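Let the hints inform the model, and build the full structure from the sequences given.
Letter by letter, the chains look like this.
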Amino acid sequence: MSKSPSPGDRKFTKTHEWVKIEGGKAIVGISGHAQEALGDITFIELPAIGKKVNKAESCSVIESVKAASDIYAPVSGEIAEVNTSLETAPEVINKDPYQRGWLFSIKNFDAADVSGLMDAAAYDAFVESEK
Amino acid sequence: MQAGMNKTFLYNSHLSLNAKMAPFGGYEMPIQYEGILAEHFATRSKATVFDTCHMGEFLIAGPNAAQDLDKILSCPVALIKSGQCRYGFICNQNGGVQDDQIVYRLEENIFFMVVNASTQDNDFEWIKSNISPRTSIKNLSRKTGKIDFQGPLSVKLIKQLLRNPIDDLKYYHWMHNFYNNKKVLLSRTGYTGEIGFEIYLDEKQTKSFWDDCLSLGAKPAGLGSRDTLRLEMGYPLYGHELGQSRNAAESGYARAIATDKQFIGSHVVLDPGCAHDALCGILIEGRRAARNGDSICDAASAVIGTVSSGSFSPSLGCAIAMGYVKKEHSGIGTRLVINTGKARLSGTVTEMPFYKQATARKKLSDFLR
Numbered sequence: 001m002s003k004s005p006s007p008g009d010r011k012f013t014k015t016h017e018w019v020k021i022e023g024g025k026a027i028v029g030i031s032g033h034a035q036e037a038l039g040d041i042t043f044i045e046l047p048a049i050g051k052k053v054n055k056a057e058s059c060s061v062i063e064s065v066k067a068a069s070d071i072y073a074p075v076s077g078e079i080a081e082v083n084t085s086l087e088t089a090p091e092v093i094n095k096d097p098y099q100r101g102w103l104f105s106i107k108n109f110d111a112a113d114v115s116g117l118m119d120a121a122a123y124d125a126f127v128e129s130e131k
Numbered sequence: 001m002q003a004g005m006n007k008t009f010l011y012n013s014h015l016s017l018n019a020k021m022a023p024f025g026g027y028e029m030p031i032q033y034e035g036i037l038a039e040h041f042a043t044r045s046k047a048t049v050f051d052t053c054h055m056g057e058f059l060i061a062g063p064n065a066a067q068d069l070d071k072i073l074s075c076p077v078a079l080i081k082s083g084q085c086r087y088g089f090i091c092n093q094n095g096g097v098q099d100d101q102i103v104y105r106l107e108e109n110i111f112f113m114v115v116n117a118s119t120q121d122n123d124f125e126w127i128k129s130n131i132s133p134r135t136s137i138k139n140l141s142r143k144t145g146k147i148d149f150q151g152p153l154s155v156k157l158i159k160q161l162l163r164n165p166i167d168d169l170k171y172y173h174w175m176h177n178f179y180n181n182k183k184v185l186l187s188r189t190g191y192t193g194e195i196g197f198e199i200y201l202d203e204k205q206t207k208s209f210w211d212d213c214l215s216l217g218a219k220p221a222g223l224g225s226r227d228t229l230r231l232e233m234g235y236p237l238y239g240h241e242l243g244q245s246r247n248a249a250e251s252g253y254a255r256a257i258a259t260d261k262q263f264i265g266s267h268v269v270l271d272p273g274c275a276h277d278a279l280c281g282i283l284i285e286g287r288r289a290a291r292n293g294d295s296i297c298d299a300a301s302a303v304i305g306t307v308s309s310g311s312f313s314p315s316l317g318c319a320i321a322m323g324y325v326k327k328e329h330s331g332i333g334t335r336l337v338i339n340t341g342k343a344r345l346s347g348t349v350t351e352m353p354f355y356k357q358a359t360a361r362k363k364l365s366d367f368l369r
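Read top to bottom, the protein sequences are chains A and B.
Each residue of the first sequence is one higher than the last, beginning at 1 in the numbering used here.
Each residue of the second sequence is one higher than the last, beginning at 1 in the numbering used here.
Source of the hints: derived by calculation from the structure; they are not laboratory data.
For clarity, every value in this text was computed on a predicted model and none was experimentally measured.
Built from N, CA and C at the ideal position, the CB exists for glycine as well.
Hints are not guaranteed to be accurate.
Said to hold, decoys possible - List time: in silico SDA-like cross-link candidates among lysine to any residue, alpha-carbon distance up to 25 angstroms:
#1 B:Lys342 with A:Val61
#2 B:Lys219 with A:Asn94
#3 B:Lys7 with A:Ala37
#4 A:Lys131 with B:Tyr27
#5 A:Lys131 with B:Glu28
#6 A:Lys95 with B:Ile31
#7 A:Lys95 with B:Gly317
#8 A:Lys95 with B:Leu17
#9 B:Lys342 with A:Lys131
#10 A:Lys95 with B:Tyr33
What the hints assert, rightly or not - Beta-carbon label-pair distances, calculated as ranges:
#11 A:Phe126 with B:Asp168: 37 to 43 angstroms
#12 B:Gly243 with A:Ala125: 41 to 47 angstroms
#13 A:Ser58 with B:Glu328: 46 to 52 angstroms
#14 A:Glu22 with B:Pro23: 51 to 57 angstroms
#15 A:Ile49 with B:Ser45: 37 to 43 angstroms
#16 A:Lys51 with B:His267: 54 to 60 angstroms
#17 A:Ile49 with B:Lys170: 55 to 61 angstroms
#18 B:Ser45 with A:Ala125: 49 to 55 angstroms
See the structure below:
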């Protein structure tokens with residue numbers, strides 16, 4: 001497992017998604033820990049733009065060679081953008097989970113949903129406690 | 001680690017290589033080191049080593065050993081010469097598959113057999129109860145190390161570790177050779193589709209051979225890539241494509257089944273009327289994988305079969321699967337839909353192997369230049 005701390009400029013869920021607020025949108029990805037645990041990612045199903053999503057509900061599916069996992073919306077809102085480049089190159093999520101490997105962004109979200117999430121230190125402690 | 005799990009002779013090596021470990025066949029085994037895709041491609045284009053010490057090895061000997069094994073195995077045994085080995089099934093009375101194995105003829109009356117880890121105890125008892133009084137069987141598993149050295153560069157690399165020349169070793173043949181002045185058994189076999197070897201050594205030599213392979217530049221590869229590699233070749237995996245209640249003939253592995261002899265279960269296996277399903281290769285549109293147990297449907301959504309194995313294929317860049325469907329739906333080119341529960345995946349019955357560029361059957365000398 002990677003020992004480097006998670007980036008401090010975003011929040012994290014217990015289901016291992018990250019959220020970064022930028023330009024009024026909540027950008028969502030999966031954590032470095034999550035991509036490492038999944039192993040080589042081979043497929044992603046992204047949500048449709050405009051889709052309404054609810055916090056903690058499955059809105060995307062990610063597959064590695066060995067397993068399939070749901071991605072849960074960290075906040076409620078509406079899908080604004082999706083990272084379509086991942087559809088042909090999902091391995092980017094492994095290589096760069098916090099930048100080029102972003103999955104989708106959510107607009108019209110409730111700021112209170114974000115403040116209830118873990119910061120990087122709390123998330124790293126949570127990951128440690130799950131081992 | 002789960003309690004009660006066995007460890008192979010290389011267990012500590014896997015830990016020091018930071019392998020992801022998981023239970024398989026009663027053993028704590030490495031699933032991956034660097035990553036399944038990297039290990040897959042290293043096997044196809046360079047050289048990798050797999051720890052296969054978990055597998056079972058038996059020595060079967062006696063004046064009637066060949067005849068006895070001909071009764072127990074689906075493949076021809078008496079016909080094979082010393083120096084050859086054959087893949088075949090151990091069938092039950094109903095023509096189902098108790099295990100798949102490779103049998104080596106060491107001498108006229110001495111045979112060596114390699115079987116799966118999880119089935120080895122059952123296999124041993126089954127063979128013991130079906131051999132004649134003058135035939136003996138000995139379980140060598142606990143003292144025998146086994147490493148699969150696979151990939152186009154494995155030929156040049158393994159040559160550096162062995163005393164005697166290997167240049168004339170043909171596909172599905174074996175030879176005795178010497179590593180560190182100790183006798184080893186080397187066969188040109190494997191489970192990846194690439195040219196390569198399975199080597200059987202004394203437990204004390206196993207770690208040093210593994211370390212030598214790595215220092216020569218072979219990458220360690222785990223069960224994850226072993227599975228994607230074998231699936232691309234359409235090779236069966238016990239518990240998926242093969243099982244006690246599945247007629248061996250339905251697997252379609254005709255080369256493993258002799259039609260000119262009787263063996264346990266042959267009254268079912270050799271009766272075409274008993275084969276209702278056929279194992280198919282399915283090429284799926286897109287990257288999303290089907291998995292073991294998913295249902296296979298025809299164009300009208302009627303269920304016609306079940307997926308036995310499925311994965312993303314690293315070499316093809318799309319998902320592939322194997323599954324059993326009713327015979328009449330098994331023709332090459334038949335369009336199918338796989339229902340994964342979450343998604344419906346379109347696919348086409350296709351010829352296996354899925355991956356056509358594998359090197360296993362090529363001339364060994366081509367890899368020594």
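These are the hints, each one checked on the structure:
1. B:Lys342 with A:Val61: 10 angstroms, holds
2. B:Lys219 with A:Asn94: Between lysine 219 (chain B) and asparagine 94 (chain A) the Cα gap is close to 21 angstroms, so the pair holds against 25 angstroms.
3. B:Lys7 with A:Ala37: Answer holds: lysine 7 (chain B) to alanine 37 (chain A) is near 23 angstroms, not above 25 angstroms.
4. A:Lys131 with B:Tyr27: 22 angstroms, holds
5. A:Lys131 with B:Glu28: Roughly 18 angstroms separates the two Cα atoms, so the pair holds.
6. A:Lys95 with B:Ile31: 20 angstroms, holds
7. A:Lys95 with B:Gly317: 18 angstroms, holds
8. A:Lys95 with B:Leu17: 21 angstroms, holds
9. B:Lys342 with A:Lys131: 29 angstroms, violated
10. A:Lys95 with B:Tyr33: 16 angstroms, holds
11. A:Phe126 with B:Asp168: 37 to 43 angstroms: 60 angstroms, violated
12. B:Gly243 with A:Ala125: 41 to 47 angstroms: About 45 angstroms separates the Cβ atoms of glycine 243 (chain B) and alanine 125 (chain A), which means 41 to 47 angstroms holds.
13. A:Ser58 with B:Glu328: 46 to 52 angstroms: Given range 46 to 52 angstroms: violated, Cβ gap about 38 angstroms.
14. A:Glu22 with B:Pro23: 51 to 57 angstroms: 43 angstroms, violated
15. A:Ile49 with B:Ser45: 37 to 43 angstroms: 39 angstroms, holds
16. A:Lys51 with B:His267: 54 to 60 angstroms: Given range 54 to 60 angstroms: holds, Cβ gap about 58 angstroms.
17. A:Ile49 with B:Lys170: 55 to 61 angstroms: At roughly 58 angstroms between Cβ atoms, lysine 170 (chain B) and isoleucine 49 (chain A) fall inside 55 to 61 angstroms, so the hint holds.
18. B:Ser45 with A:Ala125: 49 to 55 angstroms: Check failed, 42 angstroms falls outside 49 to 55 angstroms.
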